[in-house]
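**Student:** Residue numbers (the working numbering), protein chains in the order written: chain A, 1280 to 1552; chain B, 4 to 587.
It cannot be assumed that every hint is accurate.
What the hints assert, rightly or not - Facing chain B, from chain A, some residues (calculated, C-beta under 8 Å):
#	residue
1	Phe-1456
2	His-1457
3	Val-1459
4	Ala-1465
5	Arg-1515
These are computed hints drawn from the structure, not numbers from a lab.
Here the structure is a predicted model, which means the values were calculated and not measured.
Positions of the beta carbon are idealized from the N, C-alpha and C atoms, including for glycine.
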Amino acid sequence: MNGEPLLAQYVPGTGLLHRLDARSKSVAVALLTADVLHASWPLEVCGLALLAVLGIRLAGIGARQVWRSLRPLFFLVAFSALMNLLSVPGDPAWRLGPLTVTRAGLLTALETLTRIPVLILTASILVWTTPPGALIDGMTAAARPLARLGRAGTALQDLALFAGLALRFLPMVHESFHRVRIARLARGIDLEGGPAWVRWRNLAELIIPWLIDVFRRADAVAIGLAARGYRRGTVRTPWQIRRWSAADYLLVGIGLLVTLWVWRRELFPAPPL
Amino acid sequence: MLALYDATVVFGDNDRSVPALRGVRFEAPKGQWTAVVGRNGSGKSTLLLALAGMVPLQEGVLTVDGRPAGDPQETVAKAVRLVTSRPEHQIVGATPREDIAFGLQNMGLPRPEIERRVRSALQAFDLEPVADVPVHRLSGGQLQRLALAGAWAAKPEWILLDEPTAMLDPDHQDQVLRLLDGLRRSGTGIIHTTHFLEEIDWADAVYLMEAGQVFPLGSPAEIRIQWERLESAGFPKPWKWRIADAVRLAGVNRPVDGRTPWSALAAHLAGADLIDGPPETSAPQAPPDTPAAGPEPLGPSSRRSGARDSGPPVAAIRKLEVGQGRLHVGECDIRAGLTAVLGASGAGKSTFLYTLLGLMPSVRGVYAAFGGEPYRSREALARLRAHAAMALQFPEQQFFAPTVYDDIAYPLLRRNLDPREVDRRVRETADMLEIESLLNRSPFSLSFGEQRRAALAGVLALEPTLAALDEPFAGLDPAGRAHLAGLIREWATEHGAAVLVATHHIDELLEFADEWMVIHRSRLAARGSLADCAAAFRPWASEDPEGWARLILAAAGRRTAVPAPPGPSPPAGAANRKEGGEHP
């Protein structure tokens, strides 16, 4: 009924990043997310933003698609930025009635507006360019030495599988919510009119039928998994893994170098003068 | 041989735990097609789960080639693959390529072998063009083919399919059945449950399930001779067979049965000069209303066609475009009575209903209903919402209240109606849909057919002047479909409402519809009587030969007029008896 959700969904393609192994991309993205959280503002964060933009270009993802996938989160980010703007104490810069905006508040708000989107974009590059199956297989392959240790190892494989399945079924969960909403409208229940609190109550009333639907589908998926020959603790063949190319090593190398730079003060503390 | 002997399965621990399987003896040889028919809730799905070793047997034994399946069920896991009734729940890959690999990875096959099998499965099931497309963008037919491909790639000796065609439109049904036929010829055993009786013509042997018990019926040929057994189990002769009988009676000397594609049936009929005759005229000898369950006669009833033009339309459309070309409707009035909306999957039937309900985000052109234009004024939209209601596909998936009563009453209470009025409406609607005894039960504890009726009651209790029902017959067995069609007809007559029913099977509504509409490729292509629709749909015949075939066959139905049976041909005789009073 509507455009498909793009948040955390694989976008088919044949670009450089699509061709890399899931493990090298996972390692690089894990390093870079840690870097984004730690980077100082504004220069380092902006540097990482440039890197993310470069990554998106390499992945061949269009600006429209990026915007559509970020839109649902945009309000959340804008809201927290606004809260920062109004609540951080310090020297007041402007006053507008009861509202006070401080210089520190303004800076924090700007920081929120940059750091969080960069974080989301960096993580998104991984899921946009890597099918969930490849992520699962990458983690399975990485955990394979552990599988010989017994229960704990296979549990890790199962965990990887379920994390991947969650990604696969996100569109279904989204569609389920949409259907519940339409079904309500179709039974003449107005969800849009009225003051804000009424609309929030209407939204809250959708949650129970939605959860029931999602759980029912989860049951069906469990039977489906068994029908496909999956049992817990099965040792599965990792399939979508590739031999690392020079580009894979380069990517991990870049990730390491950036990490070294961002964490340089912690790793190499300046000798006291 | 995959077999169950004396198998009994009891589910659950609730107060009414009836055995789902009772002392079942079932044998499916390798390389043969075994069909299982049975009404909703007769235990067909449980039978397949038991054969796949996925439910424990309280009694009895499951054997593979004469050896009992051991406890870890390794033998079964290797030899058998089950395709459940909703493919989207067993497709776990993000793309077809990934999904086919999933099952093979579980088998621990080496990577090059997985690679090889994935490639050949994509090829064999015609999925190469969509190999890397996210699965949530695939059509129903593609999903069903993918589910089959995933099972086939594991090279099982038997493939079990739970109503593989239930969610497909007739064109894709034929396609899937032909694929299965190919698998059988390559030596795979097929076990398939179905509600569509014409499909048993593909099988080597047929079983009937009733209340957890299995009865062997023999070959399709044997069944045709003693149809009474199936008829008493709630299966009227399939519409396709009756058409095929008509073709035979008309002297077409071609082998015709349930496997014959619709387009070929239509071609035979055309050859026999039974279609393209003068448009049907009103039939003065039409019988009185017989809305009860039972065999539908071959052909539409035009007895109500005279009453169609009376009364102002409930809603009117003039040159409407929905979304960016998602649907075009030239001119269309919606009037009181029952309107059947036909069309292939994805043609735009649902979009049409959503549009009438004011649920689409944007339209261009004119849609007027209840004294306003709902897409232009909020006030008109509110009025539309007050007077129109719709049941989505599989409406029972929306249950959430603790009792059936609460679920039906919920939107009425939200409208701040007087509690006594709410009570009256709930009980009256429940009475009409024959669920009055279930009002205090949990909707989740009902049978499939009961759930469907309870969910529809939740929409009809709003007493809408314009009611839209999207595929209300999906997944119901034939007797359930006929029964429900009669109930909907009765409700529409009683309330003088306009009821639109979107469906891809014509036969359910042959007896009941006042008007027909055909949506084809996002366009309202035809409307009026069946004959009008058949004539108007002609230009598109080459794009949708199957849809056109079904349309003209239905329209020709009356005229097929089946001249008196020329000889004592048993199936023809049976068909004629069943259609009884409909023939002059």
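**Student:** Tell me if A:His-1457 is really an interface residue toward chain B, meaning its C-beta lies closer than 8 Å to one of theirs.
**Tutor:** Violated, about 11 Å.
**Student:** Hint A:Ala-1465 vs chain B: min CB-CB distance below 8 Å?
**Tutor:** holds (4 Å)
**Student:** How about A:Phe-1456: closest beta carbon in chain B under 8 Å, or not?
**Tutor:** violated (12 Å)
**Student:** Does the CB of A:Val-1459 sit less than 8 Å away from some CB of chain B?
**Tutor:** holds (7 Å)
**Student:** Any CB of chain B closer than 8 Å to the CB of A:Arg-1515?
**Tutor:** holds (4 Å)
When each numbered hint is compared with the structure, violations occur for hints 1 and 2.
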